[in-house]
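Enquirer: Working from the sequences, and respecting the hints, build out all of it.
Take a look at the letters that make up each chain.
Protein chains: 6
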Amino acid sequence: MENKISVVRKEHFNCAHRLHNNDWTDEQNKSFYGKCNNPNYHGHNYNLEVTITGELNKESGYLIDMKVLSKIMKEEVLTPFDHKNLNLDVPDFKELIPTAENISIVIYNKLANKLDSKFNIKIKLYETERNSVIYPA
Amino acid sequence: MENKISVVRKEHFNCAHRLHNNDWTDEQNKSFYGKCNNPNYHGHNYNLEVTITGELNKESGYLIDMKVLSKIMKEEVLTPFDHKNLNLDVPDFKELIPTAENISIVIYNKLANKLDSKFNIKIKLYETERNSVIYPA
Amino acid sequence: MENKISVVRKEHFNCAHRLHNNDWTDEQNKSFYGKCNNPNYHGHNYNLEVTITGELNKESGYLIDMKVLSKIMKEEVLTPFDHKNLNLDVPDFKELIPTAENISIVIYNKLANKLDSKFNIKIKLYETERNSVIYPA
Amino acid sequence: MENKISVVRKEHFNCAHRLHNNDWTDEQNKSFYGKCNNPNYHGHNYNLEVTITGELNKESGYLIDMKVLSKIMKEEVLTPFDHKNLNLDVPDFKELIPTAENISIVIYNKLANKLDSKFNIKIKLYETERNSVIYPA
Amino acid sequence: MENKISVVRKEHFNCAHRLHNNDWTDEQNKSFYGKCNNPNYHGHNYNLEVTITGELNKESGYLIDMKVLSKIMKEEVLTPFDHKNLNLDVPDFKELIPTAENISIVIYNKLANKLDSKFNIKIKLYETERNSVIYPA
Amino acid sequence: MENKISVVRKEHFNCAHRLHNNDWTDEQNKSFYGKCNNPNYHGHNYNLEVTITGELNKESGYLIDMKVLSKIMKEEVLTPFDHKNLNLDVPDFKELIPTAENISIVIYNKLANKLDSKFNIKIKLYETERNSVIYPA
Chain A
6 MENKISVVRK
16 EHFNCAHRLH
26 NNDWTDEQNK
36 SFYGKCNNPN
46 YHGHNYNLEV
56 TITGELNKES
66 GYLIDMKVLS
76 KIMKEEVLTP
86 FDHKNLNLDV
96 PDFKELIPTA
106 ENISIVIYNK
116 LANKLDSKFN
126 IKIKLYETER
136 NSVIYPA
Chain B
6 MENKISVVRK
16 EHFNCAHRLH
26 NNDWTDEQNK
36 SFYGKCNNPN
46 YHGHNYNLEV
56 TITGELNKES
66 GYLIDMKVLS
76 KIMKEEVLTP
86 FDHKNLNLDV
96 PDFKELIPTA
106 ENISIVIYNK
116 LANKLDSKFN
126 IKIKLYETER
136 NSVIYPA
Chain C
6 MENKISVVRK
16 EHFNCAHRLH
26 NNDWTDEQNK
36 SFYGKCNNPN
46 YHGHNYNLEV
56 TITGELNKES
66 GYLIDMKVLS
76 KIMKEEVLTP
86 FDHKNLNLDV
96 PDFKELIPTA
106 ENISIVIYNK
116 LANKLDSKFN
126 IKIKLYETER
136 NSVIYPA
Chain D
6 MENKISVVRK
16 EHFNCAHRLH
26 NNDWTDEQNK
36 SFYGKCNNPN
46 YHGHNYNLEV
56 TITGELNKES
66 GYLIDMKVLS
76 KIMKEEVLTP
86 FDHKNLNLDV
96 PDFKELIPTA
106 ENISIVIYNK
116 LANKLDSKFN
126 IKIKLYETER
136 NSVIYPA
Chain E
6 MENKISVVRK
16 EHFNCAHRLH
26 NNDWTDEQNK
36 SFYGKCNNPN
46 YHGHNYNLEV
56 TITGELNKES
66 GYLIDMKVLS
76 KIMKEEVLTP
86 FDHKNLNLDV
96 PDFKELIPTA
106 ENISIVIYNK
116 LANKLDSKFN
126 IKIKLYETER
136 NSVIYPA
Chain F
6 MENKISVVRK
16 EHFNCAHRLH
26 NNDWTDEQNK
36 SFYGKCNNPN
46 YHGHNYNLEV
56 TITGELNKES
66 GYLIDMKVLS
76 KIMKEEVLTP
86 FDHKNLNLDV
96 PDFKELIPTA
106 ENISIVIYNK
116 LANKLDSKFN
126 IKIKLYETER
136 NSVIYPA
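Residue numbers (this note's numbering), protein chains in the order written: chain A, 6 to 142; chain B, 6 to 142; chain C, 6 to 142; chain D, 6 to 142; chain E, 6 to 142; chain F, 6 to 142.
The hints are simulated quantities; they were obtained by calculation from the structure and are not laboratory data. Worth double-checking, as some hints may not be accurate.
Since copy identity is lost for identical chains, a pair holds within one copy or between any two.
Claimed, not checked - Below, computed lysine to any residue pairings styled on SDA-like, alpha-carbon distance capped at 25 Å:
1) K119 <-> E54
2) K63 <-> D97
3) K9 <-> N62
4) K115 <-> L93
5) K119 <-> E100
Predicted model only: the values in this text are computed from it and were never measured.
Expert: Okay, here's the thing in structure tokens:
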């Protein structure tokens, strides 16, 4: 994307979750998801990086106002997710297993609904310091 | 502590928890603990740093074998805590509120039971990148 | 400090500053402070870690409510310092050279005025990833 | 870019700056740029990552000598920018607002003038731990 | 790669190595590789990030099981490389200079042999906090 | 140490080393030091933090000039250690096993010889992100 520029904004939120597929037996779930299937939930500090790509506004010298981007991330992601149980408290995951992959796709869709369609959006979500997801690739 | 030396070993574990005092009303709990009181739990990636202090073994050049220290931390802390709900799955917190302060004291006591009493032990526990606890001070 | 516990809270702020001693000649200042003496200022992202030490409140499981500590840090330090020129905009440095050492002492005094005297306070201030100050030692 | 390889070199520099558009009123500037418009400047520790992409030199096993890349970054960026006021001390920003976006484009152009045109160059500039820019996208 | 998703797994290993081209004179080697040519070797903590890209498995909510990816990284890279001398102990570098670029290509090939060909693989290898390599670009 | 202040300076260096006690059999060494005993060496990126404590110079606002401290660290530690084999290239470890503990004590003694005796010195040496040593405790 020559002639385009990106900005990246980082926020974080803390959640409980459990990986469990209702269509599988308990044994299948435990075998596949391992300790992530713990019935009483476990949790993570999620670090979220949102990359916005587009054309620079030469008048302001901004691609997008980072205060605006941060506000949208807070309203769309941190307010509904932070200090929540993703499985029980967040309607997006009533029918969807809250893997880091699915959380990233849900966040992408929430932000795409609020940001100007002239922007390209990319999500990077760290579930731990060692495991992260990028969507879209 | 002149003439003494310390080693620090870092490990991490991921848990769900909830801050709630059973002797208080729900309103008191919600008012005091805020979003940490969420009934369905939330969670964290805990980073644990254990500092051991004592006299150097001049023959080996070690204070303590880090492989041994890491193994004790895994057996005493990571195996019972990682990917668990501290309130529901860990007996230490059946009667004790799992604040970062109390988790640190519990970890201190578990390690003090297993490590040679000639060593001084200090716990640093990060609940988030911005909030941590040190015990004893 | 056996039987005591500490909590650490991290915040950050961004400032311009210049190191210059009005009692010295320009040459002395330039020779001593080097590029930190640049007349038009330079700047830093300061990372501030405040450690509070005292006795655990066994009822709440808290030493101090981190939300309260964070609020005091914001009111006493971030609001007056963030996105400011320390030399020109912050009265504390009208007569005091804003070295990391002096900034730490000023922050210590501001927080000591607001926090209960039963608490011991320690400041760690990172001026860069490689340079930091601890007060009191 | 199959069959190509990239190397990334990280350096840092510290500057004062102010965001202000001379074609706007003071009120417009303050309203749009917020605290970044502070008349007496503020500052940042900038972390700069330069990614160079091209074909591996199979004889040396290097894409480019990192010592050479680091030297060019120091001469072209750190020497003119570090411990400076971007608005007042750096001619590139006499007519250009020193947003992170514009700083990245200026750095890209400076490095593109010095590096062999067979290399593709990408700039990532962190203004804070939470805000960064990538150019070109 | 719209509609695709990536996961990133981080591991680390520690090695000794030396950069030396047997076809060059000692003087050429010393002049070109500098202190990396030290005859008695030096060493690094390598941080390895492997990015896997493909289509999400909607049944499991996973792109690839991170436990499986981590296991393959351990078997293919950490077991043969960790706490080794790359030049003397690792057959891949008997004829190949262990620059970060070449190490990345070797790791890519090892993982590509073990991972399903439906996945796209990318390697990022940090030799120090300031120097890293990405392959393929 | 009330009324005293500390500054911390961070530098890094990269070395090969091997842990081996000449008074023990090869089997004892392999059994005790494990993979750290690899005959062909392995290596690390060492991160070194030096803390200097003393009384503030009120005229300059400095405890010690960080440029001076950095220069002493480079001359006393980085020049002799960086990109070297600690066992073979550094005389301090001809008779001393280069454990992180012993490296820290050697660095402490080197710096204590060069710094004004009015300063208290403390060394923190990271051998990996997870293992570090503090001397004196």
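Enquirer: Now tell me, hint by hint, if it's right for this structure.
Expert: Each hint, compared with the structure:
no.: 1; hint: K119 <-> E54; result: within (16 Å within a copy, 30 Å between copies)
no.: 2; hint: K63 <-> D97; result: between (38 Å within a copy, 15 Å between copies)
no.: 3; hint: K9 <-> N62; result: within (11 Å within a copy, 30 Å between copies)
no.: 4; hint: K115 <-> L93; result: within (19 Å within a copy, 33 Å between copies)
no.: 5; hint: K119 <-> E100; result: within (23 Å within a copy, 33 Å between copies)
The structure meets every hint from the earlier list without exception.
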